[in-house]
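> Turn these sequences into a full structure, and let the hints steer you where they fit.
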Amino acid sequence: MVEAWVLFRLAIACGLIAATVAVQASFMSAGLGVFRRLERERRDFLLRYPTLVTVVWIIYLITPIALDVVLWATFYYLAQALPNFDDALYFSTVTFTTVGYGDIVLGKDWRQVATFEAVNGWIIFGWATALMMAVIQRLHFHGDSQAG
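By this note's numbering, the letter at position 81 of the sequence shown is numbered 129, and the numbering carries on one by one without gaps.
Calculated from the structure, these hints are not laboratory results.
Possibly wrong hints are sitting among the right ones.
Taking CB as the label site, the calculated pair distances span [as the list claims (entries may be wrong)]:
1. Pro98 <-> Trp53: 48 to 58 Å
2. Trp53 <-> Arg90: 53 to 63 Å
3. Ala67 <-> Val103: 21 to 31 Å
4. Asp92 <-> Thr163: 39 to 49 Å
Calculated pairs, DMTMM-like style, for lysine to aspartate or glutamate (alpha carbon to alpha carbon, straight line, at most 25 Å) [as the list claims (entries may be wrong)]:
5. Lys156 <-> Asp135
6. Lys156 <-> Glu51
7. Lys156 <-> Asp134
This structure is a prediction, so every number in the text was calculated from the model and none was measured.
Where a beta carbon is used, it is the ideal one built from N, C-alpha and C, also for glycine.
Laid out in structure tokens, this is it:
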């Protein structure tokens with residue numbers, strides 16, 4: 049039988065994943081709204097400066113990822129899974145990015161939660177990559193077909 053504590057940790061992990069998805073979706077929606085408005089009202093700007101727009105878009109999409117990492121780190125720190133916020137932030141960064149150096153590890157009580165953070169990072173990075181490519185394609189390929 050599954051212990052209540054295991055279910056509690058699973059619920060925490062699911063809650064953190066839901067929160068990061070909400071953060072990512074909010075940024076995605078706002079960013080795509082601005083991009084669509086630029087396509088309608090300032091298409092000349094997008095066609096003239098596709099590299100600049102790409103750089104700004106990528107930096108913009110990294111912002112919610114940084115917030116996601118901080119959210120997980122805050123959890124680890126508040127749950128006293130790690131001794132200080134610096135260690136929590138470092139651990140969260142290497143876990144979310146799935147680098148996983150292993151120089152800082154969680155105790156047995158919390159290490160299953162960290163596996164969910166890694167899965168969460170994998171999903172979020174895939175989503176952000178898809179959004180990056182969608183904008184790059186519109187800037188470099190869609191724009192060419194409509195300009196001629």
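> Now tell me, hint by hint, if it's right for this structure.
Status of each hint after checking the structure:
Taken as a hint, the range 48 to 58 Å holds for the pair proline 98 and tryptophan 53, whose Cβ atoms sit roughly 52 Å apart. The beta-carbon spacing between tryptophan 53 and arginine 90, approximately 54 Å, falls within the hinted interval of 53 to 63 Å. Look at alanine 67 against valine 103: about 28 Å separates their beta carbons, and that is inside 21 to 31 Å. At roughly 48 Å, the beta carbons of aspartate 92 and threonine 163 sit within the given window of 39 to 49 Å.
Note on lysine 156 and aspartate 135: the hinted pairing holds, with a Cα-Cα distance of about 17 Å set against a maximum of 25 Å. Between the alpha carbons of lysine 156 and glutamate 51 the distance comes to roughly 14 Å, so the proposed pair stays at or under 25 Å and holds. Simply put, lysine 156 and aspartate 134 have alpha-carbon atoms about 20 Å apart, close enough for the 25 Å limit, and the pair holds.
This entry satisfies every hint, going by the numbered hints stated previously.
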